[in-house]
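Participant: Sequence:
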Amino acid sequence: METYSAAQKQRLIELNADSTIVNREFETIEERNKCFKMTEKEFIRDNKEKLNRLIEEEHIPLTLRVEDILEDWLTEDEGFTRVATPIIIGADKVKKMNIDNDNHLREQIFWLDGRKCLRPMLAPNLYEVMRDMYRITRKPVRIFEAGSCFRKESQGAQHMNEFTMLNFVELDSVRDGEQMDRLETLARGAMKALDIDDYELVRESSGVYIETLDIEVDGIEIASGAYGPHPLDANWGIFEPWVGIGFGLERIAMVKGGYQTIKRAGKSISYVNGIPLKL
Numbered sequence: 000m001e002t003y004s005a006a007q008k009q010r011l012i013e014l015n016a017d018s019t020i021v022n023r024e025f026e027t028i029e030e031r032n033k034c035f036k037m038t039e040k041e042f043i044r045d046n047k048e049k050l051n052r053l054i055e056e057e058h059i060p061l062t063l064r065v066e067d068i069l070e071d072w073l074t075e076d077e078g079f080t081r082v083a084t085p086i087i088i089g090a091d092k093v094k095k096m097n098i099d100n101d102n103h104l105r106e107q108i109f110w111l112d113g114r115k116c117l118r119p120m121l122a123p124n125l126y127e128v129m130r131d132m133y134r135i136t137r138k139p140v141r142i143f144e145a146g147s148c149f150r151k152e153s154q155g156a157q158h159m160n161e162f163t164m165l166n167f168v169e170l171d172s173v174r175d176g177e178q179m180d181r182l183e184t185l186a187r188g189a190m191k192a193l194d195i196d197d198y199e200l201v202r203e204s205s206g207v208y209i210e211t212l213d214i215e216v217d218g219i220e221i222a223s224g225a226y227g228p229h230p231l232d233a234n235w236g237i238f239e240p241w242v243g244i245g246f247g248l249e250r251i252a253m254v255k256g257g258y259q260t261i262k263r264a265g266k267s268i269s270y271v272n273g274i275p276l277k278l
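If you count the sequence shown from 1, position 128 lands on 127 in numbering that gives the first Met the number 0, and the numbers rise without skipping.
Among the clues, some could well be false.
Below are the BS3-like pairs computed for lysine-lysine, each with C-alpha atoms no more than 25 Å apart in a straight line [to be verified]:
1) LYS277 - LYS49
2) LYS277 - LYS266
3) LYS266 - LYS49
4) LYS94 - LYS151
5) LYS40 - LYS262
6) LYS49 - LYS262
Computed Cβ-Cβ distance ranges for the label pairs, DEER-style [stated by the list, open to error]:
7) GLU75 - LYS277: 37 to 45 Å
8) GLY236 - ILE209: 29 to 37 Å
9) ALA83 - ARG202: 17 to 25 Å
10) LYS115 - GLU30: 53 to 61 Å
11) ILE209 - LEU278: 43 to 51 Å
12) GLU41 - GLU161: 43 to 51 Å
13) ARG202 - GLU24: 27 to 35 Å
14) GLU152 - ASN100: 14 to 22 Å
15) GLN107 - LEU278: 32 to 40 Å
16) GLU177 - THR136: 17 to 25 Å
17) ASN102 - GLU77: 29 to 37 Å
Calculated directly from the structure, the hints in this document are not laboratory data. Predicted, not measured: the structure shown is a model, and the values here were computed from it. Cβ atoms here follow ideal geometry from the backbone N, Cα and C, with glycine treated the same way.
Given the sequences, and given the hints that come with them, work out the whole structure.
Facilitator: This is the structure we're talking about:
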């Protein structure tokens with residue numbers, strides 16, 4: 000039996016063909032090549048139609064629409080306030096997240112020098128903003144941020160060096176002991192807003208947050224929730240109960256759009272809305 004050549008497989012993957020198509024078998028090389036030409040032509044036509052639909056009707060790529068949906072849900076339905084914080088953070092904030100020289104995550108950080116880096120997560124800045132807003136108002140704080148984070152990740156189908164997180168957190172709005180129930184309520188609310196019905200809520204142990212609530216779609220983790228108080232909070236002067244969930248926007252777009260790799264949903268000059276620009 001014959002299979003597609005390495006070059007043919009790479010071309011079909013580039014066009015977003017799934018594994019059942021890419022790994023198809025044939026009786027002869029002639030049959031294989033004929034099928035490849037037909038399949039490539041069909042995928043090119045389909046991608047051109049998607050690009051025209053984006054330009055003429057949708058105008059906003061799926062990843063950005065996911066962000067808009069979550070922002071509308073948080074601000075209009077849940078009463079959260081959006082904040083924006085710096086991408087460059089200090090080494091002291093990394094240390095406060097218990098990311099020391101023995102933590103594997105430290106090797107994934109893009110250091111600008113010995114004192115500053117590109118943020119690997121949104122949590123450090125949100126901790127500070129949440130603490131100060133609570134100190135000033137002495138009222139429950141509900142805030143969120145969406146923005147780029149950076150890690151030296153493996154270049155697999157679900158990882159990128161630059162990715163977009165949306166994290167929301169609420170402080171002193173739930174009684175201690177009820178945090179996980181609140182996380183589940185918020186997770187289900189987010190999935191309803193995103194029109195995703197087929198998902199799982201999975202409780203996991205965590206070296207940083209003790210316990211997390213992950214949201215998985217087809218085995219892909221698209222979000223992870225955590226709660227406090229826990230020992231890490233003292234580093235930030237936080238002692239009240241809180242809950243929060245961080246969403247990977249490209250991963251959500253990946254599962255909603257049926258993309259074979261996350262790079263189609265990320266910031267790119269090779270793809271727009273999952274569509275390859277080399278057609």
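Participant: Now look at each hint and say whether the structure bears it out.
Facilitator: Hints versus structure:
Between the alpha carbons of LYS277 and LYS49 the distance comes to roughly 14 Å, so the proposed pair stays at or under 25 Å and holds. Of the supplied pair hints, the one linking LYS277 and LYS266 holds, its CA atoms being roughly 16 Å apart against a limit of 25 Å. Distance restraint check for LYS266 and LYS49: the Cα-Cα separation of roughly 18 Å lies within the 25 Å cut-off, and the hinted pair is therefore satisfied. Among the hinted pairs, LYS94 with LYS151 is consistent with the structure: their alpha-carbon atoms are about 18 Å apart, no more than 25 Å.
Restraint check for LYS40 and LYS262: satisfied, since their Cα atoms lie roughly 23 Å apart, inside the 25 Å limit. This hinted pair checks out: LYS49 and LYS262 have alpha carbons roughly 17 Å apart, not beyond 25 Å. Taken as a hint, the range 37 to 45 Å holds for the pair GLU75 and LYS277, whose Cβ atoms sit roughly 40 Å apart. Distance hint check for GLY236 and ILE209: the Cβ-Cβ separation is about 19 Å, which falls outside the suggested range of 29 to 37 Å.
Remark: the range hint 17 to 25 Å for ALA83 to ARG202 is contradicted by a beta-carbon distance near 31 Å. In this structure, LYS115 and GLU30 meet the distance hint of 53 to 61 Å, their C-beta atoms being roughly 58 Å apart. The beta-carbon spacing between ILE209 and LEU278, approximately 48 Å, falls within the hinted interval of 43 to 51 Å. For the pair GLU41 and GLU161, the beta carbons lie near 32 Å from each other, so the given range of 43 to 51 Å is not met.
Roughly 41 Å separates the CB atoms of ARG202 and GLU24, a value that falls outside the hinted 27 to 35 Å. For GLU152 and ASN100, the hinted distance range of 14 to 22 Å is satisfied, since their beta carbons lie about 20 Å from each other. The given range of 32 to 40 Å is respected by GLN107 and LEU278, whose C-beta atoms sit roughly 34 Å from each other. Checked against the hint of 17 to 25 Å, the pair GLU177 and THR136 passes, with Cβ atoms roughly 22 Å apart.
At roughly 33 Å, the beta carbons of ASN102 and GLU77 sit within the given window of 29 to 37 Å.
Consistency note: the structure conflicts with the earlier hints numbered 8, 9, 12 and 13.
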